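Q: Got chain A; can you put chain B on it based on the hints?
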Amino acid sequence: MHPSNGRAAADAFLTVRGLQKTFGDEPVLRGVDLRLPAHRTMSVLGRSGSGKTTLLRLIAGLERADAGTVVLGGRSLDGVPARERSAVYLYQESLLFPHLSVRENIAFGLTLGAHRGRDLDVEVEAMIDVLGLTAHADKRPHQLSGGQQQRVAFGRAVILRPKLLLLDEPFANLDAAIRTQMQDLFQRLAAAYRITALFVTHNLKEALLMGDRLAHLRDGILKTYDSRQAFVDDPVVGVRDEMAFWTALREETS
Amino acid sequence: MHAPSASISRAQAIVAALLAAVCLVPFAYLAALSVADPWTFPALAPEGWSLARWGRMLTGAGALGPSLSLSLGLSLTVAIASTAAGYVTGKFIAYHPWRRRLLVLAYVPFVMAPVILGVCLMYLFLRMRLAGSVAGVMLAQTMFAYGFSIIFFNAFWSARLKAMEDLVATLGGTTAEAYWRVLLPVSVGMLLICFFQTFLISWFQYGLTLLVGAGKVQTLPLKVYDFVSEANMYYAALASCLLVLPPVALLWVNKRFVFRQGLGTT
Chain A
0 MHPSNGRAAA DAFLTVRGLQ KTFGDEPVLR GVDLRLPAHR TMSVLGRSGS
50 GKTTLLRLIA GLERADAGTV VLGGRSLDGV PARERSAVYL YQESLLFPHL
100 SVRENIAFGL TLGAHRGRDL DVEVEAMIDV LGLTAHADKR PHQLSGGQQQ
150 RVAFGRAVIL RPKLLLLDEP FANLDAAIRT QMQDLFQRLA AAYRITALFV
200 THNLKEALLM GDRLAHLRDG ILKTYDSRQA FVDDPVVGVR DEMAFWTALR
250 EETS
Chain B
0 MHAPSASISR AQAIVAALLA AVCLVPFAYL AALSVADPWT FPALAPEGWS
50 LARWGRMLTG AGALGPSLSL SLGLSLTVAI ASTAAGYVTG KFIAYHPWRR
100 RLLVLAYVPF VMAPVILGVC LMYLFLRMRL AGSVAGVMLA QTMFAYGFSI
150 IFFNAFWSAR LKAMEDLVAT LGGTTAEAYW RVLLPVSVGM LLICFFQTFL
200 ISWFQYGLTL LVGAGKVQTL PLKVYDFVSE ANMYYAALAS CLLVLPPVAL
250 LWVNKRFVFR QGLGTT
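Sequence lines, in order, name chains A and B.
Going by numbering that gives the first Met the number 0, 172 is the number at position 173 of the first sequence; the sequence numbering is gapless.
Going by numbering that gives the first Met the number 0, 198 is the number at position 199 of the second sequence; the sequence numbering is gapless.
One or more hints might be untrue.
Stated by the list, open to error - Simulated pairs of lysine-lysine, DSBU-like, Cα-Cα distance not exceeding 30 Å:
| no. | chain 1 | residue 1 | chain 2 | residue 2 |
| --- | --- | --- | --- | --- |
| 1 | A | Lys-222 | A | Lys-162 |
| 2 | B | Lys-161 | A | Lys-138 |
| 3 | B | Lys-161 | B | Lys-90 |
| 4 | B | Lys-90 | B | Lys-254 |
| 5 | A | Lys-204 | A | Lys-162 |
| 6 | A | Lys-138 | B | Lys-254 |
| 7 | B | Lys-161 | A | Lys-162 |
| 8 | A | Lys-222 | A | Lys-204 |
| 9 | B | Lys-254 | B | Lys-161 |
Stated by the list, open to error - Derived coverage of chain B by chain A (criterion: at least 3 residues anywhere in the stretch with Cβ under 8 Å from a Cβ of chain A; other residues may be distant):
| no. | region |
| --- | --- |
| 10 | 154-165 |
| 11 | 202-214 |
These are calculated hints, taken from the structure and not from any lab test.
Predicted model, so just to flag it, every value in this text is computed and none were measured.
Using N, Cα and C, we set each Cβ at its ideal position, and we do this for glycine too.
So here's chain A without its partners, still in its complex pose:
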């Protein structure tokens, strides 16, 4: 199911239709449809094993779908290799390159063939400043905390101005305080750089915080919601259960 066809079809920047993927005998995605307008973030909530990572990998071009189409910015991605899609993948781990400094990691994408010609130094220094890492610019990844490493990973991705950012539970390994900081950082970067993003998570609160649009992936089927209220009201999502739990706890302890 998906939002109203008329409005969504007109302003969809990312369109996925009928995406299917089976590994061996196990179907992981069973005909996923979604539409995402430009400069918006869609949160995809799902449990482990629901197919979230597979969905992102198919859109990124790191796996080949069994069926279905992906259209990004009006261009079909069928047969297009990952390096030409302008869809940057952010993992749970920062995956910083250990032999490069913070500055070099952030600049990495800009030094590849696809992006040469841009004014590297100015852009990189500006991004380091935005990330609050000026004092750490010459350090190696092992000298940084987990949160700092993830900041660098964000900077490395966002500096390329990708058409689409694919975030695969990027804050899952962080503690609660750092996670909140990173969520704020992402929202600021998304607004400042007008990012279009797919954010997958198994964390209900995070899905609600991060997404302008909301979806739920279960057993390979994606359900998108017209509004936050519809998302909250769906018993399958589990928001009502969460609210009931905290309400009961408050009554018990008051």
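A: Positioned in the frame of chain A, the structure of chain B alone reads:
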């Protein structure tokens, strides 16, 4: 917690010195024997010292110089070839759906002793006119070294490295850029370690070299055994010193440039 006392520190120093002596005395003995002039039983020390044997070695006496060159060339070639091939093959197997089955094949050369494997392969080598040749010895040694290298790198190619390679693709990089800019720099330490290990596999190889080389490929280990057989203990010691020097040099390089700088880790 109390700091170690002076007596415990002294005891630790003595134990360390004894351990060092246990390791180093055999090498010191070989070096001493190679320059002894002469050293006859039951004397505890040589009656004189002379570098004449080392000088004669450099001018070609005993054919040690050519053996040293041959061994170096052979081992360097085997190490470079098997490390490079194992790096690529190890990756292919690590990410293959049939990983376990393919990895079993890499263990095949180690199922039996090198000499037994050499005997089994002799007919094939004779038919291919490789028996008694340097190329034949190189091929036989590479079989073992390549298998080792595959097993070594199979453990290296992890899901994390695959994710890094994928990440470079989504950042806009080609496969060549992924290797040149990320994978190879990250792999440097492991490549050096594997090179060192495969060098040693070839360097000290005796039985297989004797069998496949038919005694014509006179590497340094064969020379050592020849001198021992002749009861020429001075030249056996000299050849043994030559046998030990390159591995010691490589060990020093590894320790200095690989482990100290924290390379070989991702």
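Q: If a hint holds in the structure, say so; if it doesn't, say that too.
A: Quick rundown of the hints versus the structure:
Annotation: proposed proximity of Lys-222 of chain A to Lys-162 of chain A holds, straight-line Cα distance about 23 Å (limit 30 Å). For the hint linking Lys-161 of chain B to Lys-138 of chain A, the alpha-carbon distance of about 24 Å falls within 30 Å, and the restraint holds. For the hint pairing Lys-161 of chain B with Lys-90 of chain B, the CA-to-CA distance comes to about 9 Å; that is within 30 Å, so the pair holds. Restraint check: the Cα-Cα separation between Lys-90 of chain B and Lys-254 of chain B comes to about 26 Å, which is no more than 30 Å; the hinted pair holds.
Of the pairs offered as hints, the one joining Lys-204 of chain A and Lys-162 of chain A holds, with about 26 Å between alpha carbons and a cut-off of 30 Å not exceeded. In summary, the hint linking Lys-138 of chain A to Lys-254 of chain B is supported, as the alpha carbons are separated by about 24 Å, within the 30 Å threshold. For the proposed pair Lys-161 of chain B and Lys-162 of chain A, the alpha carbon gap of about 23 Å is at most 30 Å, so the pair holds. At most 30 Å may separate the alpha-carbon atoms for a hinted pair to count; Lys-222 of chain A and Lys-204 of chain A meet this at roughly 18 Å.
Restraint check for Lys-254 of chain B and Lys-161 of chain B: satisfied, since their Cα atoms lie roughly 28 Å apart, inside the 30 Å limit. Counting residues of the region 154-165 of chain B whose C-beta lies closer than 8 Å to any C-beta of chain A gives 4; at least three are required, and the coverage claim holds. Interface restraint, the region 202-214 of chain B with chain A: violated (0 residues with C-beta to C-beta distance below 8 Å; minimum three).
Hint compliance for this structure: hint 11 is the single one not met.
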